[in-house]
Amino acid sequence: MTGGKMVLAADAQALETKHLGFTISPHEECAVEEAVRIGGEVVVLTLGPAEAEEQLRDCMAIGADRGILLKTSEEWDAQSTAAAIVDAIRAEGPFDLILFGNESADAAGFQVGIRVAHALGLPVVTGLKKIEVQGARVRCERDVGGARDVYEAPLPTVLTVLEGLNLPRYPSVPGRLRARSKPLTVVEPGRPEQKLEKLRLVVPEGQGKQAEILEGAAQVVAVMQSLGVA
Amino acid sequence: MIVCFVDDDELSAQAVGFARRLGDVRAVTFAGAYQPAAWAKALAAQDADAIVAAGSDRGNELLAHVGAVLDQPFAANAIALDGDTVTRVRWGGSLLEEAWLHGAPKLLTVAPHTQPAAEIGDVETLDAPDDGSPKVLERVEESSGGVSLRDAKVVVSGGRGVGSAEGFEIIEELAGLLGAAVGCSRVVTSAGWRPHADQVGQTGTKISADLYVACGISGATQHIAGAKGAKKILAINTDPEAPIFASADYAVIGDLHEVVPAISAELRKVRG
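Residue numbers (our numbering), protein chains in the order written: chain A, 1 to 230; chain B, 1001 to 1272.
Derived Cβ-Cβ restraints for the label pairs, each shown as a range:
| hint | chain 1 | residue 1 | chain 2 | residue 2 | range |
| --- | --- | --- | --- | --- | --- |
| 1 | B | Asp1071 | A | Ile213 | 52 to 58 Å |
| 2 | B | Pro1195 | A | Pro192 | 40 to 46 Å |
| 3 | B | Asp1049 | A | Phe22 | 35 to 41 Å |
One-sided and incomplete, this derived list gives chain B residues near chain A with beta-carbon spacing under 10 Å:
| hint | residue |
| --- | --- |
| 4 | Pro1036 |
| 5 | Leu1063 |
| 6 | Ala1076 |
| 7 | Gly1092 |
| 8 | Gly1093 |
| 9 | Glu1098 |
| 10 | Ser1148 |
| 11 | Leu1177 |
| 12 | Thr1189 |
| 13 | Gly1192 |
| 14 | Gly1254 |
| 15 | Ala1262 |
| 16 | Leu1267 |
| 17 | Lys1269 |
Hints were generated in silico from the structure; no laboratory data involved.
The beta carbon of each residue, even a glycine, is placed where N, CA and C say it ideally should be.
In isolation and in its complexed conformation, chain A is listed as follows (with noise of 0.2 Å):
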């Protein structure tokens, strides 16, 4: 979802998307790309409303051969939506190589990719930013400040990606044609009792500050200077 200010529906159960725009989050945007890069078979997969469809053909339209939506109308908790991506992996797999965004940009919950794996018996490596398959394995790189560890899995293997892994294309008018008659396979999963269970999403205080309106370069130097930094 991209906009300035978040603004919560009357139920405080979502955020009011009258007047905003729906994305594929960085991260994911990024394991997309380098599904395409790497080849083969690419299948993009999300949990969500009927209009994700879109964020699917975008997907296609980059160079996915196909697109999986399971059709929610609510949010569904980490664990659930791990177990329903699992169902659809066992009845559309096996696959070689199943990436996830490190973490989604709104609910932040740093975990289904992990879960996948586990429910799959498969390895997991996370925080990627540098993914090199290497025959029958693969080689990746996670930032740690400074530095970077390297890590090595055997395929077929569960990856977690983080912006930056590569600079992702955006889809072209040829591309977006050739995506509408893409196959699309929808599956309405049944939601399970949520172990993690919202209650509801506030706005913390402290947003909306009243900046102090500075005129001219002398006084920005001298508010610099009051800081300390200049």
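Since the structure of chain A is already known, use the hints to place chain B on it.
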């Protein structure tokens, strides 16, 4: 008993502080190469009412593994736990969620810089046998030129308003005069004007500068998520309605292409 995984860092001291308010704390860690699945297995085997860690890359990763091993819910980046009710940070801090955290033990990480730090005290080293899962094979140090974005005292950042890769010359000039790191918004990295390593934001670097100078940045919530760790924010934008001003302490309404060089000139002048 609360089991708290700790690293030797400030965020772990904050997690211990949080955990002590829940009950008696056993601080634990591991030796040897980082092997998340194996370490998590050992954590999951502990007898605990709650298992807690810092909301760091490692802490979130370990607790997610523990949640998967135990098939229990895990609340990432919590700021409070009251009985079964957890309050946690979402949307990079722009929104809080109150939720019931069912099940036991309670699994959670502590949102960075939301809790006072405590003395970590005695730390027990747990045994985690190598189970063949992925682990760190080597660490490659990166030689980086200039000031690091994460630790810089001042960050001068440019957004869409800068207009081009070349437009960053005036940003770099001001940053040079202030001993600052250069940052940018996501629009800039997506356009290829700057590398992703320069990006300030929810999916880039979260800064902790004394002063953040945001030039030609509109101020999407995802950008603010990375900038709000700064003590003061100075925004320069032609549009007085730009959302960045709602997060700024100081505002200059004007064209960065004129304002930024003028600030550099003024700095040179006062320094003689």
